[in-house]
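Keeping their order, the protein sequence lines are chains R and P. For the first sequence, the numbering used here begins at 1 and goes up steadily by one. For the second sequence, the numbering used here begins at 114 and goes up steadily by one.
What the hints contain is simulated information worked out from the structure, not anything from laboratory work. Model, not experiment: these values are computed from the prediction. One or more of the hints may lead you astray.
[Unchecked claim] Label-pair restraints from in silico Cβ distances:
# : chain 1 : residue 1 : chain 2 : residue 2 : range
1 : P       : 165       : R       : 27        : 47 to 57 Å
2 : R       : 55        : P       : 130       : 42 to 52 Å
3 : P       : 125       : R       : 12        : 26 to 36 Å
4 : P       : 163       : R       : 15        : 37 to 47 Å
5 : P       : 179       : R       : 17        : 25 to 35 Å
Just so you know, even glycine gets a beta-carbon here, dropped at the ideal spot from N, CA and C.
The primary structure of each chain is shown beneath.
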Amino acid sequence: GQQVMQIPQYQHVQEGEDFTTYCNSSTTLSNIQWYKQRPGGHPVFLIQLVKSGEVKKQKRLTFQFGEAKKNSSLHITATQTTDVGTYFCAGLDGSSNTGKLIFGQGTTLQVKP
Amino acid sequence: GAGVSQTPSNKVTEKGKYVELRCDPISGHTALYWYRQSLGQGPEFLIYFQGTGAADDSGLPNDRFFAVRPEGSVSTLKIQRTERGDSAVYLCASSTRGRGSGANVLTFGAGSRLTVL
Numbered sequence: 001g002q003q004v005m006q007i008p009q010y011q012h013v014q015e016g017e018d019f020t021t022y023c024n025s026s027t028t029l030s031n032i033q034w035y036k037q038r039p040g041g042h043p044v045f046l047i048q049l050v051k052s053g054e055v056k057k058q059k060r061l062t063f064q065f066g067e068a069k070k071n072s073s074l075h076i077t078a079t080q081t082t083d084v085g086t087y088f089c090a091g092l093d094g095s096s097n098t099g100k101l102i103f104g105q106g107t108t109l110q111v112k113p
Numbered sequence: 114g115a116g117v118s119q120t121p122s123n124k125v126t127e128k129g130k131y132v133e134l135r136c137d138p139i140s141g142h143t144a145l146y147w148y149r150q151s152l153g154q155g156p157e158f159l160i161y162f163q164g165t166g167a168a169d170d171s172g173l174p175n176d177r178f179f180a181v182r183p184e185g186s187v188s189t190l191k192i193q194r195t196e197r198g199d200s201a202v203y204l205c206a207s208s209t210r211g212r213g214s215g216a217n218v219l220t221f222g223a224g225s226r227l228t229v230l
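Isolated chain R (complex conformation) (with noise of 0.2 Å):
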């Protein structure tokens, strides 16, 4: 079945240094979504892509969406001690029609003040 995996699965930066987190799929997606999850929280979502070769920006956040929509990825630039979290990207299989939405592992991002 589907499989999307990140990596890193850990990332310790001191704040002000970028991070990078990156997410593959086995299959291709009808689109990808990013979620955060703080420390005792639950996942918010972030943001979604859907077309190839497609990037987005937050802030000091950018998305990108791969050409063959089978990975993507999230940077965040010059870090803060808000950014401390787990990041998880969830791929929808673009051959399903049933709406599953399949998540990695989570890159989990520390960030020494």
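Guided by the hints, dock chain P onto chain R, whose structure is given.
Here is chain P on its own, set in the frame of chain R:
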């Protein structure tokens, strides 16, 4: 309601017991999802409802797990003969369907933490 509501927030039970977890989605959201999240892992898909019917239940681990959504709103996840390995946070999420910008975007509840002793 304004958000996705899940009850109970915490449930401690003994091995072999029956457990029900309830989810009340956002009003008007036709799609409802159940996920299971273990410590340090991503949400693991269990089942997805579109309206009253289970559109995809391929993630249910075995026949001890069952979920219903009889009126297309509130859903109940039922676990029979609980095992220690069932301990996890059970997350419910809801969404709209279709082609609008919010379609298929999940709003999660706070989760029900299940501990099986």
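Report task. Just tell me: holds or violated, for the beta carbon distance of residue 179 of chain P and residue 17 of chain R against 25 to 35 Å? Result -> At 47 Å between Cβs, range violated.
Query raised in the report: Is it true that residue 165 of chain P and residue 27 of chain R lie within 47 to 57 Å of each other by Cβ?
Result: Violated: the Cβ-Cβ distance is about 29 Å, outside 47 to 57 Å.
Query raised in the report: Range hint 37 to 47 Å: satisfied by the CB atoms of residue 163 of chain P and residue 15 of chain R?
Result: holds, 44 Å
Query - Outcome of range test on Cβ distance (residue 125 of chain P, residue 12 of chain R; 26 to 36 Å) - result: The hint (26 to 36 Å, Cβ to Cβ) holds, given that residue 125 of chain P and residue 12 of chain R are roughly 34 Å apart.
Query - Satisfaction of the hinted span 42 to 52 Å by the C-beta atoms belonging to residue 55 of chain R and residue 130 of chain P - result: For residue 130 of chain P against residue 55 of chain R, whose Cβ atoms are near 50 Å apart, the range 42 to 52 Å holds.
Hints 1, 5 from the list above are not met by this structure, while the remaining hints are.
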